[in-house]
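Undergrad: This is what each chain is made of:
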Amino acid sequence: MSSVVDKVWATLEPLTDPEIPVVTLRELGILRDVRETPTGLEVVITPTYSGCPAMGQIEDDVRASLEQAGIEARVITQLAPAWTTDWMSDEAKEKLRAYGIAPPHRTCGSGAGAGEVSVLKFVRRQPTEPVACPQCGSTHTVVTSEFGSTACKALYKCLDCQEPFDYFKPY
Amino acid sequence: MSTPIDYLLHLADNAVVLGQRNAEWCGHGPILEEDMALANVSLDLIGQARLLYQRAAELMGGDATEDKLAYFRGPHEFRNYTLLELPHHGALVGYAAADRDYATTIVRNFLYSALMVHVWDGLQQSADPALAAIAAKSLKETSYHLHHSRDWLVRMGDGTEESHARAQAAVNHLMPYTEEFWTTSPAEGAAVAAKVAIDVWALRPAWDALVNDALAEATLTRPNFHGYITEGKIGLHSEHLSYLLGEMQGLARAHPGATW
Numbered sequence: 000m001s002s003v004v005d006k007v008w009a010t011l012e013p014l015t016d017p018e019i020p021v022v023t024l025r026e027l028g029i030l031r032d033v034r035e036t037p038t039g040l041e042v043v044i045t046p047t048y049s050g051c052p053a054m055g056q057i058e059d060d061v062r063a064s065l066e067q068a069g070i071e072a073r074v075i076t077q078l079a080p081a082w083t084t085d086w087m088s089d090e091a092k093e094k095l096r097a098y099g100i101a102p103p104h105r106t107c108g109s110g111a112g113a114g115e116v117s118v119l120k121f122v123r124r125q126p127t128e129p130v131a132c133p134q135c136g137s138t139h140t141v142v143t144s145e146f147g148s149t150a151c152k153a154l155y156k157c158l159d160c161q162e163p164f165d166y167f168k169p170y
Numbered sequence: 000m001s002t003p004i005d006y007l008l009h010l011a012d013n014a015v016v017l018g019q020r021n022a023e024w025c026g027h028g029p030i031l032e033e034d035m036a037l038a039n040v041s042l043d044l045i046g047q048a049r050l051l052y053q054r055a056a057e058l059m060g061g062d063a064t065e066d067k068l069a070y071f072r073g074p075h076e077f078r079n080y081t082l083l084e085l086p087h088h089g090a091l092v093g094y095a096a097a098d099r100d101y102a103t104t105i106v107r108n109f110l111y112s113a114l115m116v117h118v119w120d121g122l123q124q125s126a127d128p129a130l131a132a133i134a135a136k137s138l139k140e141t142s143y144h145l146h147h148s149r150d151w152l153v154r155m156g157d158g159t160e161e162s163h164a165r166a167q168a169a170v171n172h173l174m175p176y177t178e179e180f181w182t183t184s185p186a187e188g189a190a191v192a193a194k195v196a197i198d199v200w201a202l203r204p205a206w207d208a209l210v211n212d213a214l215a216e217a218t219l220t221r222p223n224f225h226g227y228i229t230e231g232k233i234g235l236h237s238e239h240l241s242y243l244l245g246e247m248q249g250l251a252r253a254h255p256g257a258t259w
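Protein chains in written order, with numbering that gives the first Met the number 0: chain A, 0 to 170; chain B, 0 to 259.
These are calculated hints, taken from the structure and not from any lab test. Some hints could be false.
Stated by the list, open to error - Examples of chain A residues lying across from chain B (beta carbon under 10 Å, computed): (1) HIS104; (2) THR106; (3) GLU145; (4) PHE146.
Stated by the list, open to error - Computed Cβ-Cβ distance ranges for the label pairs, DEER-style: (5) PRO129/A to ALA193/B: 44 to 50 Å; (6) VAL3/A to ARG154/B: 25 to 31 Å; (7) ASP207/B to GLU66/A: 53 to 59 Å; (8) GLU178/B to ILE70/A: 40 to 46 Å; (9) LYS6/A to ARG154/B: 50 to 56 Å.
Stated by the list, open to error - Taking lysine to any residue and the SDA-like style, the derived pairs with C-alpha atoms no more than 25 Å apart in a straight line are: (10) LYS67/B to LYS94/A; (11) LYS120/A to VAL199/B; (12) LYS120/A to VAL142/A; (13) LYS156/A to ARG154/B; (14) LYS120/A to GLU238/B; (15) LYS194/B to GLU238/B; (16) LYS120/A to LYS67/B; (17) LYS156/A to LEU31/B; (18) LYS67/B to GLU238/B; (19) LYS67/B to PRO52/A; (20) LYS120/A to LEU31/B; (21) LYS94/A to ARG105/A.
What you are looking at is a predicted structure, and each value in this text was computed from that prediction instead of being measured. The C-beta atom is built at its ideal place from N, Cα and C for all residues, glycine as well.
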């Protein structure tokens, strides 16, 4: 890896998600690649959800950081392969938990119910693993709403410590 | 391979029109959690519409932009299913309005999501790589929309006498509009021929199974269909689309190029 590519990764390393400031864009899997092309440097980012309102802010943050470091690079938004929470490192998941957000379980393939052959393959079954409360660790929890404070989170409640919490949806 | 632009607009218009309709609940949801859920669903739909309009604008070239496609086309140029532009209540005379009915909202979201999970799934193999990428993203989002609307459909149908009656009325009102899914428009025909789209007719058994399974669990009955098949996807709309677009497009048209 060339030193200029390393420098770009290092420059962008401190950037965090505007909504979840404990994890970096790299850890979330939003910052996909930095590459040298014949026409200059490219920084590749990918959106989490199509309509995620934070994407505009994220792109601005990336541009501003590059500019501040005196690096000339194009910022490219790439859709495929589609972002998945499986790209999140264990370290990032632990940071989410410590922040009070239950981290996502692993998905099994692309899309809900992938691999099932039934005509009802898109009717999602209950998650196989229970969601643990990020406060007390209890798995005695219930979903309150499929959609939480942002598109990427669902709302849960712990039946032991009674705390409501966000669950980062496996996606 | 050329991607029929009208087909991309059909997909984009579906998403933007339902996104705009569902956004009417923002600040008026029956409970706070549902207010947030509907706003989230709308964000996904508007996000999908943006990606599709961007792709269409790219193929059109010239001075086409996503904003021009969303804000500066008239009702007769929109290619969405008529189902998606209807207000959140049962049929009334002309453009008369009533209070929003959450059962109507949920049943419509269910019927549309149940179709779109299959459409997006198939489009992942589209000959247009940009559309295939959009489909892969949209499938994940739509799976959540389906789960959400199906959950509420069952809760309402198999709920109280009042919720059951309203859910059944919404099913009776909206189900006939789904017949439009199964007719092939010229844009869809061209897209299938170019291997950009999948033949929607082939998805019908899977959609029927999904819908019948949910209705049975919700203790609701599926009405028999007879009568007129709507043609929103070839630009022939109900009286409701103009009002929806009037609200959605008004700001952009009054202040072209405005930023804030």
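Undergrad: The structure should be examined with respect to each hint, and the outcome stated for every one.
TA: Hint check:
1. HIS104: violated, 15 Å
2. THR106: Where the cut-off is 10 Å and the nearest Cβ of chain B is about 9 Å from THR106/A, the hint holds.
3. GLU145: holds, 5 Å
4. PHE146: Hint holds; PHE146/A Cβ to chain B Cβ min 4 Å, cut 10 Å.
5. PRO129/A to ALA193/B: 44 to 50 Å: Taking Cβ atoms as reference, PRO129/A and ALA193/B lie about 47 Å apart, which means the hint holds.
6. VAL3/A to ARG154/B: 25 to 31 Å: Given range 25 to 31 Å: violated, Cβ gap about 56 Å.
7. ASP207/B to GLU66/A: 53 to 59 Å: holds, 55 Å
8. GLU178/B to ILE70/A: 40 to 46 Å: violated, 56 Å
9. LYS6/A to ARG154/B: 50 to 56 Å: At 54 Å between Cβs, range holds.
10. LYS67/B to LYS94/A: Roughly 42 Å between the alpha carbons, so the hint for LYS67/B and LYS94/A is violated.
11. LYS120/A to VAL199/B: With Cα atoms ~17 Å apart, LYS120/A and VAL199/B stay inside 25 Å; holds.
12. LYS120/A to VAL142/A: Given that 25 Å is the threshold and the Cα spacing comes to 22 Å, the pair holds.
13. LYS156/A to ARG154/B: Holds, because 20 Å separates the two Cα atoms, which is no more than 25 Å.
14. LYS120/A to GLU238/B: Measuring from Cα to Cα gives roughly 36 Å; hence the hint is violated.
15. LYS194/B to GLU238/B: violated, 34 Å
16. LYS120/A to LYS67/B: violated, 37 Å
17. LYS156/A to LEU31/B: Distance ~15 Å between LYS156/A and LEU31/B Cα, so the pair holds.
18. LYS67/B to GLU238/B: Holds, at roughly 23 Å.
19. LYS67/B to PRO52/A: Holds: LYS67/B and PRO52/A sit about 20 Å apart, inside 25 Å.
20. LYS120/A to LEU31/B: violated, 30 Å
21. LYS94/A to ARG105/A: holds, 16 Å
When the structure is compared with the earlier hints, violations turn up for hints 1, 6, 8, 10, 14, 15, 16, 20 and for no others.
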